[in-house]
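Engineer: Here the protein sequences come in this chain order: A and B. Position 110, counted from 1, in the first sequence is what the working numbering calls 110; the numbers after and before it change by one each time, with no gaps. Position 177, counted from 1, in the second sequence is what the working numbering calls 177; the numbers after and before it change by one each time, with no gaps.
In short, the hints are calculated from the structure, not lab data. Accuracy of the hints is not assured; some may be wrong.
A pair counts as met if it fits within one copy or between any two copies, since identical chains are not told apart.
[What the hints assert, rightly or not] Only pairs whose alpha carbons sit at most 27 Å apart, straight line, appear in this in silico BS3-like list of lysine-lysine: (1) K16 to K207; (2) K68 to K4; (3) K31 to K112; (4) K207 to K57; (5) K207 to K31; (6) K14 to K44; (7) K145 to K101; (8) K176 to K256; (9) K112 to K207; (10) K44 to K68; (11) K14 to K145; (12) K16 to K31; (13) K44 to K158; (14) K14 to K192.
There are 2 protein chains.
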Amino acid sequence: MLSKNQIKYVNSLKQKKFREEHNLFLAEGTKIVPELLVSDINVKQVYATSDFFRNNKIAATIERFEIKENELERVSALMAPNEVLAVCETPHYQLEIDSLKDKLTLLLDEIKDPGNLGTIIRVADWFGIENIICSNETVDAFNPKVVQATMGSISRIKIHYTDLSDFLMNQESTIKYQVFGALLAGESIYSKQLPSSGFIIIGNESKGISEKLLPYITDKIRIPSFSHYKAVTGEAESLNAAIATSVICSEFRRRKN
Amino acid sequence: MLSKNQIKYVNSLKQKKFREEHNLFLAEGTKIVPELLVSDINVKQVYATSDFFRNNKIAATIERFEIKENELERVSALMAPNEVLAVCETPHYQLEIDSLKDKLTLLLDEIKDPGNLGTIIRVADWFGIENIICSNETVDAFNPKVVQATMGSISRIKIHYTDLSDFLMNQESTIKYQVFGALLAGESIYSKQLPSSGFIIIGNESKGISEKLLPYITDKIRIPSFSHYKAVTGEAESLNAAIATSVICSEFRRRKN
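The task is simple: from the sequences and hints, build the whole structure.
Structural biologist: Structural data, given as structure tokens:
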């Protein structure tokens with residue numbers, strides 16, 4: 001049985017303010033929680049049905065609460081709760097620029113949609129990108145909707161939050177990184193030479209890359225469109241931010257083959 | 001002022017049953033509705049604020065209702081209604097297999113998530129794919145969530161619903177199409193020869209491509225993963241269906257460059 005206080009406590013972690021205060025986040029379901037249990041993420045509590053506990057090994061250091069499906073509904077952030085909810089410690093990673101030298105790194109400039117951010121984290125995992133550096137305006141990666149959309153990749157990608165223009169300004173004094181930005185006037189990613197390391201800036205869903213970051217872009221790239229139509233609303237046609245990320249990452253990685 | 005009956009009528013179109021009965025669908029917002037107004041889609045009614053009518057030309061044949069923001073909220077399917085809602089006639093296209101001969105066509109095998117379907121339609125538009133053939137189990141493309149996620153591409157892509165195994169069985173007797181399916185044991189899309197025409201099957205979000213469609217696949221393809229990790233839950237890591245579609249379509253189109 002869950003106490004009123006427990007229900008209140010778990011539900012409070014759906015809000016960024018309380019996640020930050022407690023340095024905790026929520027993850028749910030039989031796909032994601034087992035991934036977290038074997039990852040470097042420090043899982044603190046598991047609320048689950050007897051079925052889940054029967055089928056999964058849980059370290060003795062983790063607090064466990066066996067609950068019924070209807071109790072799970074009272075704490076879940078999902079439309080269809082799925083056996084288990086875990087309360088986990090939010091990881092913090094040192095952002096050491098020199099450690100990024102031989103790596104491909106994503107810089108997210110104000111990604112607002114939780115589903116997009118979660119999908120981008122999952123894409124990064126697939127394409128072997130270890131670090132994502134988010135602008136402070138980017139949605140919280142430990143928002144339950146983001147965590148769900150990562151399908152477990154949240155445990156494998158180092159996510160950092162910082163001021164991206166400060167970050168890019170400071171990096172100019174050390175190693176020279178190539179900074180890629182998708183812009184309408186860029187060079188086709190299909191024909192451009194793409195290295196196996198560097199920074200890729202992904203812009204906001206509607207505004208694209210911020211003006212203040214443009215001076216740091218060393219290489220303008222573009223995903224060619226094969227559409228038979230032109231948009232009529234004055235805005236250019238565009239791809240969803242997560243889709244653009246996947247096409248760009250795929251092109252970078254193809255060259256390694 | 002909207003009457004109670006009008007509110008009820010517009011809201012009824014959020015349900016598939018009533019969309020089919022009336023052969024109508026809803027589209028909303030200042031990005032999508034202007035695209036529909038200049039497309040081949042037959043827009044029947046526009047409910048909008050005075051601002052919208054001031055800024056957009058509406059053909060005389062379209063019924064127009066000037067309403068306030070708070071009235072729009074009563075018929076909108078969006079969290080944040082945006083000036084305009086349009087009631088449109090659902091288009092129906094003849095599915096003539098011979099007309100697909102020199103084209104790249106997507107076959108969607110039970111895509112269930114409206115956001116995924118909408119994004120796939122938008123991706124198809126970007127990559128110049130004219131037809132999408134959906135299995136009867138695929139979510140309705142004229143569901144308001146799908147329409148919104150297409151960002152207007154719904155007006156430019158011919159969407160068909162049929163039984164995919166019947167469709168693929170019948171096509172065997174005429175022109176020989178290559179049928180591509182993303183499978184774990186496929187050939188890397190980066191190194192495989194890819195033509196500028198054929199069918200690409202995209203499988204269900206969790207189950208992948210149906211068993212009954214496997215015999216029709218002539219070319220097994222695979223998006224290589226560069227991940228440093230292996231999944232622990234028994235399931236293979238995967239990409240979201242819309243992400244996989246975008247990476248595959250990008251690879252097919254790259255070869256045309």
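Engineer: With identical chains, the pair K207 and K57 could be close in the same copy or across copies; at 27 Å between alpha carbons, which is it: within, between, both, or neither?
Structural biologist: Cα proximity of K207 and K57: across copies only (26 Å, versus 46 Å in one copy).
Engineer: When no copy is named, should K176 and K256 be tagged within, between, both, or neither for a Cα gap of at most 27 Å?
Structural biologist: within (21 Å within a copy, 34 Å between copies)
Engineer: Regarding K68 and K4, is the shortest C-alpha distance of 27 Å or less found within a copy, between copies, in both, or in neither?
Structural biologist: Answer is within: at 15 Å inside a copy they meet the 27 Å cutoff, but 42 Å across does not.
Engineer: Pop the pair K145 and K101 into one bin, within, between, both or neither, using alpha-carbon distances up to 27 Å.
Structural biologist: The answer is neither: 31 Å in one copy and 42 Å across copies each exceed 27 Å.
Engineer: Is it within, between, both or neither when you check K112 against K207 at 27 Å Cα-Cα?
Structural biologist: within (11 Å within a copy, 30 Å between copies)
Engineer: At most 27 Å between C-alpha atoms: does K14 with K44 qualify within a copy, between copies, both, or neither?
Structural biologist: Within. Shortest intra-copy distance 16 Å satisfies the 27 Å Cα cut-off; inter-copy 42 Å does not.
Engineer: Using 27 Å as the alpha carbon limit, work out where K14 and K192 are close: within a copy, between copies, both or neither.
Structural biologist: neither (43 Å within a copy, 45 Å between copies)
Engineer: Using 27 Å as the alpha carbon limit, work out where K31 and K112 are close: within a copy, between copies, both or neither.
Structural biologist: Both ways: K31 and K112 sit 25 Å apart in one copy and 18 Å across, limit 27 Å.
Engineer: Tell me, please, which holds for K207 and K31 at an alpha-carbon limit of 27 Å: within, between, both or neither?
Structural biologist: between (34 Å within a copy, 14 Å between copies)
Engineer: Up to 27 Å between alpha-carbons, please classify K44 paired with K158: within, between, both or neither.
Structural biologist: The answer is within: 19 Å in one copy meets 27 Å, while 50 Å across copies does not.
Engineer: Between K14 and K145, at a C-alpha cutoff of 27 Å, which is it: within one copy, between copies, both, or neither?
Structural biologist: both (9 Å within a copy, 24 Å between copies)
Engineer: Is the C-alpha distance from K16 to K207 at most 27 Å within one copy, between copies, in both cases, or in neither?
Structural biologist: within (24 Å within a copy, 34 Å between copies)
In summary, the numbered hints that this structure violates are 7 and 14.
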